[in-house]
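Visitor: Got chain D sorted already, so can you dock chain Z onto it with the hints?
2 protein chains.
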Amino acid sequence: MPEATLYPLANYTFGVKEAQPEEDPSVHARLKRLQNDFEEHGMRRSVEAVLVVHEHNHPHVLMLQIANAFFKLPGHYIDPGMTEEEGLKVILNERLGPEDGVGDMEWEIGECLSTWWRPSFEQYMYPYVPAHITKPTERKRLFVVHLPPHKVLTVPRNMKLLAVPLFELYDNAARYGPQLSAIPHLLSRYDFNYEK
Amino acid sequence: MPEATLYPLANYTFGVKEAQPEEDPSVHARLKRLQNDFEEHGMRRSVEAVLVVHEHNHPHVLMLQIANAFFKLPGHYIDPGMTEEEGLKVILNERLGPEDGVGDMEWEIGECLSTWWRPSFEQYMYPYVPAHITKPTERKRLFVVHLPPHKVLTVPRNMKLLAVPLFELYDNAARYGPQLSAIPHLLSRYDFNYEK
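Quick note, the sequences are listed as chains D and Z, same order. Just so we're aligned: 134 in our numbering is position 134 of the first sequence, and the numbers increase by one with no gaps anywhere. Just so we're aligned: 30 in our numbering is position 30 of the second sequence, and the numbers increase by one with no gaps anywhere.
For the record, the hints were derived by calculation from the structure and aren't laboratory data. This one's a predicted model, so the numbers in the text were calculated from it and none came from an experiment. Fair warning: there could be bad hints in the mix.
Copies of the same chain are indistinguishable here, so a pair counts whether it falls within one copy or spans any two.
As a list, the in silico DSSO-like pairs of lysine-lysine whose alpha-carbon atoms are at most 30 Å apart [said to hold, decoys possible]: (1) Lys196 - Lys135; (2) Lys196 - Lys140; (3) Lys17 - Lys196; (4) Lys151 - Lys17.
Next comes chain D alone, as it looks inside the complex:
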């Protein structure tokens, strides 16, 4: 059984930094950019971080909430030529590192938890390559990122960073969507050590 050590939410310090507005103004614009990038570079590779803390020995996942509405994991697509691990470190520094954008790149990237495939230039993704799809347009991977006992996380002003308990995510695709609501299943094979 893989092990993971979790520290209390109260061990982490949260700062605020300049807003990081959405890259694309609409879903349509986002899918259009995907299509343009696909023509130039082929399949897009995206990565997302599952950062886990605990409160009273129950695991909580750190999630960004945008505009008091939808939730997402810290993540982004990565540059062609970067490994997923390098890319995720760059993204975590940008999203949760200090204001100056330099950061220490000291993120301990753990195992892949799941892979999602986008078969076309539509919104839907699946945790497998659908039948008859030979050229998926995007592959997204979720990685466990092991947090140290203490860390400062600096959050863009237009986002909130929330610790969402597994019992809130579980069986709650209505609120969190199919990807985030599956995180409790994906983490269930870990043996968690709850530290102080």
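Guide: What follows is chain Z alone, placed relative to chain D:
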């Protein structure tokens, strides 16, 4: 990324053997037995096997269908004192091994895919220990079991062994329940090699 090699469904030969009736005649009787066993031995440990094959390069999970109605993975609770791996081999031999019950015990038990916890003597299970539960009554673990290129699987007469595609399981808790419908998520981190 962990790898797994899948062979076509047509590589496997299916036999029939004597029926293996349900141990308990009702849900009530099953939960009553759980309670009796718990008082004697403490938390029950159960194990289930996720056996994966492919058809046209799409993964399919082998599932038992009982009485033309509900689906389950090959599995059972194990004796106290047995490891989960030993226990699963014994169960697979009994459920899918040859009629004489001897079998070769040659089952390659892979990684744990998920863990489910039963907090009380009720039907519900969760992929985490619910808050304030200090003594769960049952822990069930799903393991990938790697199949060889060819094998004879002998199925009790009162069950059918079906190969259910991931696209059928996905997002289909209505038909398969919360545990089986999550298998596509759990398998998505594997890099599958589709062999002939």
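Visitor: Look at each hint and say if it fits the structure.
Guide: Here's how the hints hold up against the structure:
no.: 1; hint: Lys196 - Lys135; verdict: between (47 Å within a copy, 22 Å between copies)
no.: 2; hint: Lys196 - Lys140; verdict: between (33 Å within a copy, 28 Å between copies)
no.: 3; hint: Lys17 - Lys196; verdict: within (28 Å within a copy, 54 Å between copies)
no.: 4; hint: Lys151 - Lys17; verdict: within (16 Å within a copy, 59 Å between copies)
Of the numbered hints given earlier, the model fails none.
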